[in-house]
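J.: Respectively, the protein sequence lines represent chains A and B.
Using UniProt numbering, you'd call the opening residue of the first sequence number 1 and step up by one each time.
Using UniProt numbering, you'd call the opening residue of the second sequence number 1 and step up by one each time.
Just so you know, these hints were derived from the structure itself, not from any lab.
Possibly wrong hints are sitting among the right ones.
Claimed, not checked - Below 25 Å or equal to it, Euclidean Cα-Cα: the simulated SDA-like pairs (lysine to any residue) are:
no.	chain 1	residue 1	chain 2	residue 2
1	A	K36	B	K223
2	A	K31	B	T126
3	A	K36	B	F138
4	A	K31	B	S200
5	A	K31	B	E207
6	A	K36	B	I128
7	B	K227	B	F138
8	B	K3	B	I13
9	A	K31	B	F127
10	A	K30	B	K223
11	A	K31	B	A131
12	A	K31	B	F134
13	B	K222	B	L243
14	A	K36	B	E204
15	B	K3	A	A195
16	B	K223	B	V118
17	A	K36	B	S200
18	B	K3	A	M135
19	A	K36	B	R124
20	B	K217	B	H228
21	A	K30	A	I40
Residues per chain, in single letters:
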Amino acid sequence: MQEEVNLNTGSPSGQEPVNHNIVRFQDFWKKFYRNKSALIGGTLIILLILTALIGPYLTPYGPNAQNYDARLVGPSLEHWFGTDHHGRDIFSRIIHGMSITLRVGFSSVLIGMTIGVAFGVVSGYFGGWVDTIIMRFMDILLAFPGILLALAIVSVLGGGMNNVIISVAIFSIPVFARISRGSTLEVRELEYIEAVKALGASDFRIIVLHVLPNILSPIIVQATLNIATSVLTASGLSFLGMGAQPPTPEWGAMLSDGRNYMWDAPHVSTIPGLAIVVVVLAFNIFGDGLRDALDPKSKN
Amino acid sequence: MLKFLGRRLIQTIPVLIGVTVLTFSMMLLIPGDPAQIMAGESASPAQLEAARERLGLNDPVPVQYYNYVSGVVRGDLGNSIRSGRAVSTEVFGRMAPTVELAFYSTLLSVFIGLTAGVVSAVRRYTFIDSALMFGALFGLSMPNFWLGLMLIQWLVIGTGWFQGFGWFQASGWGTPQQMILPVITLGTAGSAIIARMTRSSMLEVIEQDYIQTARAKGVSEKKVIYKHALRNAMVPVVTVVGLQFGSLLGGAVITETVFAINGLGRLIINSIRARDFPVVQGGVLVFAFLFVFVNIMVDVIYRLLNKRIDLN
Numbered sequence: 001m002q003e004e005v006n007l008n009t010g011s012p013s014g015q016e017p018v019n020h021n022i023v024r025f026q027d028f029w030k031k032f033y034r035n036k037s038a039l040i041g042g043t044l045i046i047l048l049i050l051t052a053l054i055g056p057y058l059t060p061y062g063p064n065a066q067n068y069d070a071r072l073v074g075p076s077l078e079h080w081f082g083t084d085h086h087g088r089d090i091f092s093r094i095i096h097g098m099s100i101t102l103r104v105g106f107s108s109v110l111i112g113m114t115i116g117v118a119f120g121v122v123s124g125y126f127g128g129w130v131d132t133i134i135m136r137f138m139d140i141l142l143a144f145p146g147i148l149l150a151l152a153i154v155s156v157l158g159g160g161m162n163n164v165i166i167s168v169a170i171f172s173i174p175v176f177a178r179i180s181r182g183s184t185l186e187v188r189e190l191e192y193i194e195a196v197k198a199l200g201a202s203d204f205r206i207i208v209l210h211v212l213p214n215i216l217s218p219i220i221v222q223a224t225l226n227i228a229t230s231v232l233t234a235s236g237l238s239f240l241g242m243g244a245q246p247p248t249p250e251w252g253a254m255l256s257d258g259r260n261y262m263w264d265a266p267h268v269s270t271i272p273g274l275a276i277v278v279v280v281l282a283f284n285i286f287g288d289g290l291r292d293a294l295d296p297k298s299k300n
Numbered sequence: 001m002l003k004f005l006g007r008r009l010i011q012t013i014p015v016l017i018g019v020t021v022l023t024f025s026m027m028l029l030i031p032g033d034p035a036q037i038m039a040g041e042s043a044s045p046a047q048l049e050a051a052r053e054r055l056g057l058n059d060p061v062p063v064q065y066y067n068y069v070s071g072v073v074r075g076d077l078g079n080s081i082r083s084g085r086a087v088s089t090e091v092f093g094r095m096a097p098t099v100e101l102a103f104y105s106t107l108l109s110v111f112i113g114l115t116a117g118v119v120s121a122v123r124r125y126t127f128i129d130s131a132l133m134f135g136a137l138f139g140l141s142m143p144n145f146w147l148g149l150m151l152i153q154w155l156v157i158g159t160g161w162f163q164g165f166g167w168f169q170a171s172g173w174g175t176p177q178q179m180i181l182p183v184i185t186l187g188t189a190g191s192a193i194i195a196r197m198t199r200s201s202m203l204e205v206i207e208q209d210y211i212q213t214a215r216a217k218g219v220s221e222k223k224v225i226y227k228h229a230l231r232n233a234m235v236p237v238v239t240v241v242g243l244q245f246g247s248l249l250g251g252a253v254i255t256e257t258v259f260a261i262n263g264l265g266r267l268i269i270n271s272i273r274a275r276d277f278p279v280v281q282g283g284v285l286v287f288a289f290l291f292v293f294v295n296i297m298v299d300v301i302y303r304l305l306n307k308r309i310d311l312n
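With the rest of the complex left out, here is chain A (with noise of 0.2 Å):
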């Protein structure tokens, strides 16, 4: 499921010094706004966070407000999107779940990819020894395929979504650390980091001025495609029963609860799937139109 972002940019608009920066904006916001599906998912994922802000104030019944006497309740003008087998309202649950889903996302992605990030400018800028190191360590993670990783790390951390943001966190540090080594390469074989280095920048600020701004793009472009991946392994994890504990509501969770329903009442499992494919959607929609607006080969 992971999809690694493959810019291939000869050098990540690099080839043009850092302080060009606002020109580089301006070019990449007119792109951007050209760009029909970064428009799109960028909308969506504003609207989104706006769902997870400001809904749970404006729902109907509360998250986990039950009402015994609806149970199991298909979709109706009083609960949009029917009840669930403790007579809660289905819809208020969905809105409250938006800011969980949303904080896994991003939490996790922030913090696989500093420390990722970090990692991988470390070892591409040095090299040698520290790099062997560091990427035989990533080829380590990277040996558990797909959600085992992250599913070995909770069932030793346990349940909860704590434990489930740290380990989608360290499930998505390889990848980050593997795209961002590859740019450092291309970007430290740049003339002008040579000059830098020749007027006597220590690494550390090569590092953080030169380097860094030169391998964002792709970096934001696989950050978002990564919130993607990290709302779905944590509600996978959840479905599970390895993250939310009842009575959260926690889209995984409340999918895995509704199975047990699949023939009364289909609804319980299909409405929360169907807000994850929303969230998931927006931010692959979003990740893509970022790709074609901030890399340089694109042709529009």
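Please arrange chain B on chain A, whose structure you already have, making use of the hints.
T.: For chain B alone, coordinates are given in the frame of chain A:
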């Protein structure tokens, strides 16, 4: 080729050692006393001490690791707490359905992915292209446990029709009726990834000079696409297919749970729930080893393909 294979195998050794270090530390990191978990809640202090001695928990950590690895090398992964049987027996007994599931899903995703990707590339910027690519994006964005449940819900339960013919069965593994839905469930995301990769790879190749030359020479469009473009576009796709097979092995964990397939993934999940850590540890280790060797195979195939293309 043999030299390459040898080098590749040697490169794998540090990774495999690292994997054993990680699975070994799982046991050190689990909250609580492993001896207590093994001996049970009601164990007397003497029993606890005996369990500790038997598990070698009184040894220094490096010695424990050494014992663990020498066990792994001999194929001894400890014993299950639940069943008391050797973990290796439990784990290897469950491997076949998982590998088969991943394999058939890969086949399906290659078939659908290639077809969709080529059609999309050939009919670039048409309605078909947009529809296929949106379909791919949608497939990529679906949680596979949800897709599995939806298939059961709407195909098996929703239309008694299919059941009447005995076509789909929503649990178990072995007969075609049992295998279709899990394979679709697991193969969908892979199809999507391969379709996207094929499309972009094809588009890149189609713009190359030699394709234009072939066209200018009057080679038929069909031949241009299928003989010249597709073959060269395949090279990056092969890598993706290999990676897919690996990640489908991981994805099998969830699919097996949805369809109650007694494979390695379900074994691990059930063992996590039962706190049967030796089985979890052994299962995770075997998964990782399997994945590493699949990756080596992919490298070898990639190299073989590349060589043939070089010769051509």
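J.: Next step is simple, just say for each hint if it's right about the structure.
T.: To see whether the hints hold, each was checked on the structure:
The hinted pair formed by K36(A) and K223(B) fails the criterion: a straight-line CA distance of about 34 Å is larger than 25 Å. Distance hint between K31(A) and T126(B) is fulfilled; the C-alpha atoms sit about 22 Å from each other, no more than 25 Å. Taken as a hint, the K36(A) and F138(B) pair is honoured in the structure, with Cα atoms around 17 Å apart against an allowance of 25 Å. At most 25 Å may separate the alpha-carbon atoms for a hinted pair to count; K31(A) and S200(B) meet this at roughly 20 Å.
The straight-line distance between the Cα atoms of K31(A) and E207(B) is roughly 23 Å, inside the 25 Å bound, and the hint therefore holds. For the proposed pair K36(A) and I128(B), the alpha carbon gap of about 18 Å is at most 25 Å, so the pair holds. A distance of roughly 30 Å separates the Cα atoms of K227(B) and F138(B); the hinted pair therefore is violated under the 25 Å criterion. Between K3(B) and I13(B), the direct Cα distance comes to roughly 16 Å. Compliance with the 25 Å bound is thereby established for this hinted pair.
For the hint pairing K31(A) with F127(B), the CA-to-CA distance comes to about 23 Å; that is within 25 Å, so the pair holds. Note on K30(A) and K223(B): the hinted pairing is violated, with a Cα-Cα distance of about 40 Å set against a maximum of 25 Å. As the CA atoms of K31(A) and A131(B) are separated by approximately 23 Å, the hinted pair is consistent with the 25 Å bound. Restraint check for K31(A) and F134(B): the C-alpha separation of about 21 Å stays at or below 25 Å, so the hint holds.
Distance restraint check for K222(B) and L243(B): the Cα-Cα separation of roughly 30 Å exceeds the 25 Å cut-off, and the hinted pair is therefore not satisfied. Note on K36(A) and E204(B): the hinted pairing holds, with a Cα-Cα distance of about 22 Å set against a maximum of 25 Å. Pair hint K3(B) plus A195(A) does not hold up; C-alpha atoms about 42 Å apart against a cutoff of 25 Å. Among the hinted pairs, K223(B) with V118(B) is consistent with the structure: their alpha-carbon atoms are about 13 Å apart, no more than 25 Å.
Between K36(A) and S200(B), the direct Cα distance comes to roughly 18 Å. Compliance with the 25 Å bound is thereby established for this hinted pair. With a C-alpha separation of about 23 Å, the suggested pairing of K3(B) with M135(A) holds against the 25 Å cut-off. Between K36(A) and R124(B) the CA atoms are separated by roughly 17 Å; this keeps the pair inside 25 Å, and the hint holds. Note on K217(B) and H228(B): the hinted pairing holds, with a Cα-Cα distance of about 13 Å set against a maximum of 25 Å.
With a C-alpha separation of about 15 Å, the suggested pair K30(A) and I40(A) falls inside the 25 Å cut-off, and the hint holds.
Violation of the numbered hints given earlier is confined to hints 1, 7, 10, 13 and 15; the remaining hints are satisfied by the structure.
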